[in-house]
Every structure is written in structure tokens, then in C-alpha cells.
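K.L.:
Residue numbers 16 to 176, in our numbering, belong to the letters of the sequence shown in order.
Treat the hints with care, since some could be wrong.
Unchecked claim - Here are the simulated distance ranges between beta carbons:
no., residue 1, residue 2, range
1, P176, T52, 35 to 41 Å
2, P85, R164, 29 to 35 Å
3, Q91, P176, 15 to 21 Å
4, M162, P41, 21 to 27 Å
5, D97, K129, 29 to 35 Å
6, D152, A119, 45 to 51 Å
7, A61, N140, 22 to 28 Å
8, P51, R88, 29 to 35 Å
Since the hints were made in silico from the structure, they are not lab data.
In this text, a Cβ means the ideal position worked out from N, Cα and C, and glycines have one as well.
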Amino acid sequence: MRHTFLAIALFVFPTACLARAVGDMPPRYVDAIDWPTKEAGLQKFALAEHMLSLSFDRFCGDAFCEGPYPNLRPIQLSCSVDTSNGTMKRCLWIFAGSGTSVDASNGAVRSSAKVYKCNLRLARNTPVDVFYEAMHDGELLSKKLPMTRHTVYDSLVGCLP
16 MRHTFLAIAL
26 FVFPTACLAR
36 AVGDMPPRYV
46 DAIDWPTKEA
56 GLQKFALAEH
66 MLSLSFDRFC
76 GDAFCEGPYP
86 NLRPIQLSCS
96 VDTSNGTMKR
106 CLWIFAGSGT
116 SVDASNGAVR
126 SSAKVYKCNL
136 RLARNTPVDV
146 FYEAMHDGEL
156 LSKKLPMTRH
166 TVYDSLVGCL
176 P
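Model the full structure from these sequences, guided by the hints.
P.N.:
Below, the structure written as C-alpha cells:
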């Protein structure tokens with residue numbers, strides 16, 4: 016009986032300690048709004064998203080909003096941060112567009128809609144603060160992303176109609 020208890024204790028105790036240690040480790044990647052701590056990046060990220068959306072609205076009519084979805088709109092920007100070094104891992108900018116038409120013979124309204132998921136062409140290991148500085152002002156769609164030769168516009172070409 017004693018040997019059984021000892022065997023169980025030797026198995027259960029290290030497993031419980033390991034589970035606790037793994038549970039205490041911070042996640043490798045977090046949403047940019049939660050970098051460096053929970054909701055600490057919310058204001059900076061919201062401003063970057065807002066500035067990008069304004070820039071898109073100015074660009075839209077000449078570039079993307081003449082196709083099948085003339086009311087194409089940015090819906091959400093979401094970025095991940097590598098907590099091990101404070102750099103951007105990936106940014107996904109989601110757009111939605113719809114179009115409607117009226118059937119002249121019966122008055123029916125037809126609609127079509129589509130969601131687009133566009134990856135921003137970020138440079139590897141772009142520091143979070145450098146990303147925010149680049150998203151601060153100017154015509155952001157034509158501005159080069161930090162540490163790259165690519166613009167935000169380049170990221171949208173081929174993704175949007």
C-alpha cells in the first residue's frame with residue numbers, strides 16, 4: 016500500500032507542478048491592444064486603426080470602390096504581438112462590401128456581400144512602437160510600412176476587388 020501511494024505521489028506531484036508552471040507562463044502572442052499589459056495598447060491601436068480607415072476612405076473612390084462593391088468599408092484591424100521581443104507578428108485588416116439592385120419587373124431587391132481579409136505586409140520583427148509611429152499621420156495607404164519597401168496600399172492590391 017505504501018509503495019502504491021509513493022508511486023502515485025511521485026507521478027502526480029511533478030505533473031501538477033509542471034501544469035502550474037506552464038499555466039503561469041505568459042502567452043507567446045497577444046492582441047496588440049493587450050501589449051505590454053492587458054488593454055495598455057488600446058488607445059494607440061484604436062488611433063492607428065482610425066487613421067488607416069480615414070486614409071482608406073480618401074483612397075477608396077479612386078482605387079477600390081469602383082468595382083462590384085462600391086460601398087467597401089474597413090471593418091476591423093487586428094494585430095498580434097510577439098511578447099518575447101515586443102514586435103508585431105501579423106496584422107489582418109478586414110473589409111466588407113455589398114451591392115444591391117432592384118428587379119424592374121417585380122420590385123425585388125437583390126443583394127450580394129463579401130468579406131475580405133487582407134494581411135499587411137509587415138517587416139519581420141517590426142517593433143510595436145515603430146508601427147504606431149508610422150500609423151500616426153500622413154496619407155497612410157501610400158506611406159511605406161516600417162522597415163519595408165511596401166505600402167499599406169501594396170497590401171490591399173490583390174486582396175480587395
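K.L.:
Now tell me if each hint is right for this structure.
P.N.:
Okay, the hints, checked on the actual structure:
| no. | hint | result |
| --- | --- | --- |
| 1 | P176 / T52: 35 to 41 Å | 39 Å, holds |
| 2 | P85 / R164: 29 to 35 Å | 31 Å, holds |
| 3 | Q91 / P176: 15 to 21 Å | 19 Å, holds |
| 4 | M162 / P41: 21 to 27 Å | 25 Å, holds |
| 5 | D97 / K129: 29 to 35 Å | 31 Å, holds |
| 6 | D152 / A119: 45 to 51 Å | 47 Å, holds |
| 7 | A61 / N140: 22 to 28 Å | 24 Å, holds |
| 8 | P51 / R88: 29 to 35 Å | 31 Å, holds |
When held up to the earlier numbered hints, the structure conflicts with none and fits them all.
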